[in-house]
Structures are given as structure tokens and as C-alpha cells.
Amino acid sequence: MIQLFFPLSLRELWEIRSRFPQSRLFAGGTDLFVQRRYQTQDESPLIGLERIQELRTTAWEGDTFTVGAATPIRQLLEDDSVQTLLPVLAQGLACMGGPALRNMATIGGNLCTASPAGDSLPPLYVLGADVVLHSEFGRRSLPIKEFILGPGSTSLRCGEILHSIKISRPPPGSVQWYQKVGQRKANAIAIVSLAVLGRSAPDGGFQSIRLAWGSVGPTVITSREAEACLESSPLTMEKVNSAAQTARQAVAPIDDIRASAEYRRMLSGNLVYRLLR
Amino acid sequence: MRLELGARIPRADGLSKVTGTEPYAVDLYPPNPLWAGAKRAGIPHGLIRGIDNARARSLPGVMRILTSADVPGSNRHGIIHQDMPVLADGKVRHGGDAVALVIAESRAALRQALEAIIVQIDPLPIVAGIDDALDPQSPKVHEERPEGNILVHARIERGKVDQAFESCAAEVSEVFVTPVQAHLFLETENGLAFLAEDGTLEIIASTQAPFRDRFEISRALSIPFEKIRVKAPYLGGGFGGKDGATVQCLLALAALAVPLRWIKMVWEREESMLAGYKRHATRLHYRAGALEDGTLYALDCRLFYDTGAYAHLGGEVLELGMEHAAGPYRIPHARVEGWCLYTNNPIAGAMRAFGVCQVAFAIEQVIDLLAEKLHIDPLDFRLRNALRSGDENLSSLPAADSTGMQACLRQIADHPLWTGRENWKSSASAHTRRGVGIASVFNAMGYGKNVRDSAIARIELMTSGEFMVTSAVADMGQGNASTYAQIAGSILHQNEGQVHVTQPDTAHAYPSGSSSAGRTTYTFGNALFQAAHELRNRILNRGGMMLFTEDDRHLELRPGCIRHAPSGRELPLSRLASLMRPEERVSLAHFVAPVVEPKPGTYEGLRIGFPHLLYAYGAHLAAIEVDLLSGAISVLHYVAVTDGGTVLNPTLFEQQIEGGIAQGMGFALLEDLLIRQGIILNPDLSTYLIPTSLDLPTMETSWVNGSDNSGPLGMKGVGEVAMNGPLPAIANAFAHATGRRIFQGPLHAERVFWTLAGSQCDQEEKR
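Protein chains in written order, with the working numbering: chain Z, 601 to 877; chain F, 412 to 1178.
Bound-form chain Z, shown alone:
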């Protein structure tokens, strides 16, 4: 029999954690319970974070959006401010799983799973999000790049939880989009994804641009060099070609059941061509 806890406050959480240091945390459980299906011997207690109200709260303070880590994906998608001000994030979240999964899954869960294929990660990279980590004894904040270390690995310390995510609003008029190639149109793990956040130049090019690729390395891949190729006006086919070529060199994909490394590499560059649309 596996013990399952749903604390209602952080104080209650710290108390349960101290009693069961081997316990595992989840928020939504859409990754953990699938893993557990294959780990029938693992009987460590489970703690669900989704009933702690402060972890499900979202708020704008000036140009900063704070999202509680246990906020369900669907709640974020139904938030007009996310749709209008952070469309790259909204697009990423919208192609996560299917409706049933988005009802349960949380943004913090997606980050802590730290899969390179996680659909919230590339958008949060280009948005330059920070994560806020809490423990019984304090709190700290990190850029998302420093939080995600590798597949399934984060810089969470023992006794620490992901509390919230802080996102700064990009300047008005920014180009934002998320592109995902999966094996099918829903409930599919990304073969390659690309998040884009750019500031347009008056003549159609980009003053600045941020690109982040999912599923083509141990973590999200960024490439300053590829971005730099695009940061001059006007945008020409030659520049996009060189950005795509640079991207193909920057990524570090693997072969798996869904796609070959070589296909992922080609695709990482090809998705850049969508900027020309």
C-alpha cells in the first residue's frame, strides 16, 4: 500500500516531508504515475502539491507574471493575459498532451520532470523565466537555464520545492510563436520543437531574437550564433539559411523510437524557415 498525502499548506508540507524524507512530490501526477506503472516495487510515499492554494495562484505585478508551480495547464490556457501577452507560452501549453492531460498536468510538474521534450520549456527559455524555489528554511530564485540540468535532473536541493515561475512581459509587438513537430497532432511527444521570441525591425527583420529548441539535446538548446544570424535587417534567405545551418550544428539530438537523430538535426534547421512566412 502506498501512502498518499495532499497537504493544504506549505507548513503542512514541510511537516510531512520531515516525517517521510523518502517521499516523492508530484503536481498533477501525469508523469509520475506513468513511471510508477513500471516501478511496481517502488512504494515510497507520495505527496501531491496541487491542493496548496498558494502554489495554484497566478498574478501580474507590473510587467511580471507569477505562476504558482501547481497551476494546471488548462487554467493557464484559459487565462486571457497568457493568450494575449505570452502567446509563445500559450502555444506551447496548448500542444501539451490532450484535454484530459492538460486538466491534470501542471506547469511546475512539466519543469521538474525536466524532459527535453517538455512543451513549456522552450517558451520559458525564450521568455527568460526565473524559477522561485522554497524550502522550510528559505527561498531563492534562479534563471530557468540554471534550474534545468539534464533529462530528469534539476538544481532542486533536498527539501526544496519549485514554488513559482516568474515571467517578464516581452515588449509589445514582439513576435512570439511555438512550433512543434510530433508524430501526431495531439497527445504526442515532440520530435523537435522551437520557440521564438523576437523584436521586429521596421523593415521586416529582427532587432533581436531568442530561439530555443526542444527534444534535440539533453536540455533545451539555445544558440546565440543562430540568433545572431537573424539579428540584422532585412531578413534574407541567406540569413535564414545560415541560421538554419548554425542551428543544425548547435543541436545534439539522439536516435530514439520516435525519430532519428539526423532527422531531428535537419528539422531543427528547417523550423527556422517558418520565420519567412
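Just so you know, these hints were derived from the structure itself, not from any lab.
Cβ coordinates follow ideal geometry from the N, Cα and C atoms, glycine included.
Among the chain F residues that face chain Z by a calculated CB cut under 7 Å, a handful are:
1) L1040
2) S1041
3) N1093
4) T1098
5) E1161
Only some residues are given here: those of chain F computed to face chain Z with a beta carbon under 7 Å:
6) L1092
7) L1100
8) T1103
9) L1105
10) D1106
Position chain F relative to chain Z; hints supplied.
For chain F alone, kept in the frame of chain Z given last:
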């Protein structure tokens, strides 16, 4: 709503299914059941050296662990060939072979015990696929067979093939490859068993063939046939994968070991992938030729079907594929040679479009290629050669009166997506290509020659004044039970809700064939038609006696009563029923589907289920978009025109066609069970993907007018025919869009991408 044929009657099982109250076999929990589960080999080929149960047996809650030594009887089951052990004895032939059977007090104890059993297997070299199976040096999957790994080798021939090619102005030669597809029913294989004190064995299972299951269980376990009772509640999907024993023999064996307790077995999804039946992977070598004037003239093909470790219906699947290898066309000179081969892969057996959707992929691309070479429009080319009533088909037999292929094609010819296909092509935006493709499809109906395709229908006027149809043919979701009520109700003039249908129970229903082969509504429905007529006449006669009318003139059945129209007098059916004796209130009738004799000298090695008299036909169109950056194909519009004879219920007809298209699109674009050296690489639903609603296009389904004259209902089964269209139609649309062809399914994004990249390379080389 009056139950009338041709009306859009809502499915009788619709409400209970969408509200979750309809109990499938998997929902049944008798009090305090035991759980049974199989230890699977995990190794595709090897000799069993030992099975160490000691630790598993000592675990709490574990009741019994059985091995082949505990199996009474032949320990072999199978529909045609009894080659499959209930529990592997001596040797394992694929990773899903059951090696031991555990019976436990709980599902948790069962899982622990299965993990604790240690099976020692000395691996043998693996027969990994078609090439290995054809190599005489390869090990034999069934060591006792002198034919080695060839299960069936057969040939169909007409005309003078070799000379005929000399007259051809255009010739095409290609090799096609199709993948293994899984049925992926929502309800995995499962059931319950109970052995009573008097030796009666009761099985409730998710099964398409309750009557035949008794034979399989009886033979494999030496249980007297008459002691076995099988019940088949509504199935949560079957598609052929529950035609033939899955859990039945294992459950029966468990019940023999632990009598007087209900025993439940439910396969996990991964277990279903590993041990359940699959669609045959094939390799198809085609050579075809046409005359200058556009006459299809010669065909020569060799077809290889990988049936995996056991025969199941593999030989019959190959035979049906062969019968359809020429497509729905007249080809005067044709030779089709086929091999069904044993390998150490998962067992391939029956699946919707039973061997046909593979050859449809080949012949329909061949047809397009020939048309292109002759500079003839591909639809005109099809119209010129499509079978008409009376034309000789590949079996050298005249096509039946009900042959609507031409009419289906003509509907497509007039469709705006076809007439406007060049506009569609030029409407592609940046980084995309668009194209339109078509396919002619057909699918035989019924078991074919040498298998009695019969059904016995029973209908009763109950004392309540309502009617009860005793269905003998399982409803796996296609809606036949609902249609039975509609057929009976239309004859007896009753309303929805006044005709009930019981699901098959071998103790109450009468022996009838399986739910398969597009014969489910046809064969039982035609029997029921007669039974309901007989009952109607009987009711009118008895009612006339009660109403003191001279004869049956002016008497009519109405919902719930008999009415004498001129006088307006009515007699409630409940009142009439109370005056009738039980045997009078029951009507039975049987129907045997007509068959056709094969023509001597035109075939060899086809023993069971060849040839067929009746086929459903269809013409399909797919309008697609190819994303050049990723290779992903999106199907944006899909049109299917079907000849299924008389349509009894347009709603159920559309559901069958749309379901066939959806499953066919999975086969076309996504589904590919990857097997390397006998091991499945994608055994779960996160790696083996089927289409979601977002992957499916707008589907337009229609039918052509026509009626089959072999039975009073005029209908033909349409459960399978639509499955055959998507792969070839999409492949042809891809060629229209890009000028490139793909001869291996599925057409998933990466395959498309590299195909297109190859095209660029070719162009560069030419420069």
C-alpha cells in the same frame, strides 16, 4: 420512433455506452474473484530448460501456478490449424508465448508472482522476418513441419501471363512493404471463468466467436464440448483481434485447477501488444501491364505475409489478400502467387480488411503509375477497367449483379475535389505541397467457399407484448445488435424500445458464425428476417382468431397491438401473448450464405475461404497537404463512396465507413509495430500511436443506389471495405503533390522527409 429499414435509428446501445453503464466483460466482478495471469516468455525463440516457481509459490495470496504439465488434452488451439499451445511445452516461438499460468487471490499478488517466476530458456536462432522464413537454412519455428516455415503457398492464375506482357505498351514493376498493425481496441482481451460442481464450464469473455470458442477450448483441454457455455457481452472493440481464443483456454485451464470460484483475467495493454493477434506485415512484388488503349492486361505478383509464430487465420488472410490482389478490375492475364510464413514475430491473424488493405496499397499505386505512363487520367483509367456485373474477376468468375464499382467511381469523378484537383494543388502555401489521390477498393463478404457461413435467429413475443431477439453473433461495436432490433421491428411494425436484443450466450442462442468477415448483419440478419416474418404471420393468425376475422386481410401489426383496420378494433400484443403457448411465441429460422464454386484449373493451394461471391466496393479520395519542412502529411478532406447494397441504417453505415477511414489513416500515416529480432520496440501507447480526433479530416461518406439480390435485405457488409482506402489514396495524393512515390507504409513524417530529400539529391546529381 418506428423501426423501419433505411431510417436513421439511433443505436440501441448508444446511451448505455456513452453513460458508462453498459457492462463489458471487463466490467464484470463476481463476488470475490480470483485473478489469473500468464507468465510470458519474453524471448522470441528458445527451448525451455526450466521454470522455477518456488519463490512465486511461497508468496502470500498465490493459489496455483500451472505449467504445460498441468494441461489436460492436446494443449493446442487454433481455428484452422491447431498449432498454438495453451502453455508452451518444450519450446517458445515468440515473446508472447504463455509459459506459466498463475492464479492468485488479488491482482497485486498475481503481479508479484508473475515477476517472481524465473523461466530458463536456451535461446535459438530467430526467424526474424520474411527473408529468414524463406531461407531453407533457417531454423524451423515448428520443428515438426516438413514444409518448414511455409504455412501456405498458393497460386491463382488466369490467361497467359508471360505472353501477355509482350503486348503491353506500359509496364510497372515495384515492391511494396506494409507494417504490422495492432487492433488497439479500448477493452483489452479479458474474461471470466467458473467451473461448476456438475462440470459445466462457464466463460464470459470479450470474444467475437462464442460458439467456435467452445471447440477451441474443448480440443485444447479435453473438456466435453457440451459442458462449455460461453457468453459474449458487448465488446469494447474487436476488429478481428478477438476472433479466436485469447484468454479463453487460459481461463478454462485456471477454472479446471480451481473449481467453484470465479476467475478473472485481464490483459494489460502491453500484454495485449505482446501476446494479442496483429495485422500481417507483408512484402508484395508487383508487375503489371496495360495496352496502348488503356486496357489493364497483365498482372504478375508474388505476395509474402508474415504470420508470426502461429497460424491463427494467417493462411486465410493470405488467401483473401490473393483474391483481392488485382483490385476491383478486369485483368485477363494474371498470376498471383502467395506465401504465408511462420516467423518468431507476434502472431498475425484476423484484422479488419483481412489481408486486403496490404494489396490495395500495391495495386492502387500500380494503377496510378500505369495511367501516368499511358497519359490517361487515373480516374478514367480506373473506370475503363473497373469490374462490372458479369465481368470475370481474378478468380475467373463472373462478378455478381451487385457490383457497384463503376457507380462509386463516377460519384468521385463528379466531386468538386476531383474536378478541382489542380486548383487544390496550386493552392499550397509556402513550404507545403498539396495533392489529391484516389483509390478503388473492395472487400469480400462472408467466409467464402468451404466454410459454412450460417446463422440461426430466434425471436420471441414476450408476455409483456414486446419482442426479444436472441442474438447469436457478438456485437463488437459495429452496431449489429441494434440493427437486429431494427430488422425485426420493421417486419413486426414496432417502435424503438419494443424490440430487445440479448447478447450471445451459447446456452440460449443457436449456433451461428462469428462476428467477422462483413457477414455479421448479413447472415444473422437474413435469418432473422425469416424468423420475424414467420412470427408475424403467426401473430396475425392468432390475432385474427381472437378478433373473429375471416382471414388475415385488413389485419395489421402496429406498435404494441394488432389492429383490424375497417372496424378499428385492436388487440394488445400483451393480451395475445398471454393466450399463446411458449413455443408458439418463439420463431426460429436459419440462413446459409450463398457461395460460389471455384473454377477448376485456375487456382492451387487455396483451401479455405476461396473464392467469394459478394464484395462491397468503394471509391475513395484524399486531399492532402505535405509540409516540406517536416515531411508531415495532413489529410484535409476525405471522400468515400461505398457500394454496400441497401443501406439499412444510414447512421450506422456512416459510423462503419468513418471508423474504417480512421483506422485506415492510422495504417496509412502512423501505425507501425516495430519488431527487431522478435522483440517489440514500441509496445505501449506512448510509442505506438494511433490517430486522435485532431488527426482526422472532414469525412464525406455517401453510397450508391443498389441492392444485393442474394438475400431479402439487399444489404452487403461494409465493416471492412473502408479500411482499404486511406493508405493508397494518400500515397497517390502524395505523388500528385510532390511527384514522388512511397512504396513502404506508413507514410510518416520522417519517411516522407527522407523521400523528398532523396528527390533533391537526385536533382542535384542530374545537374
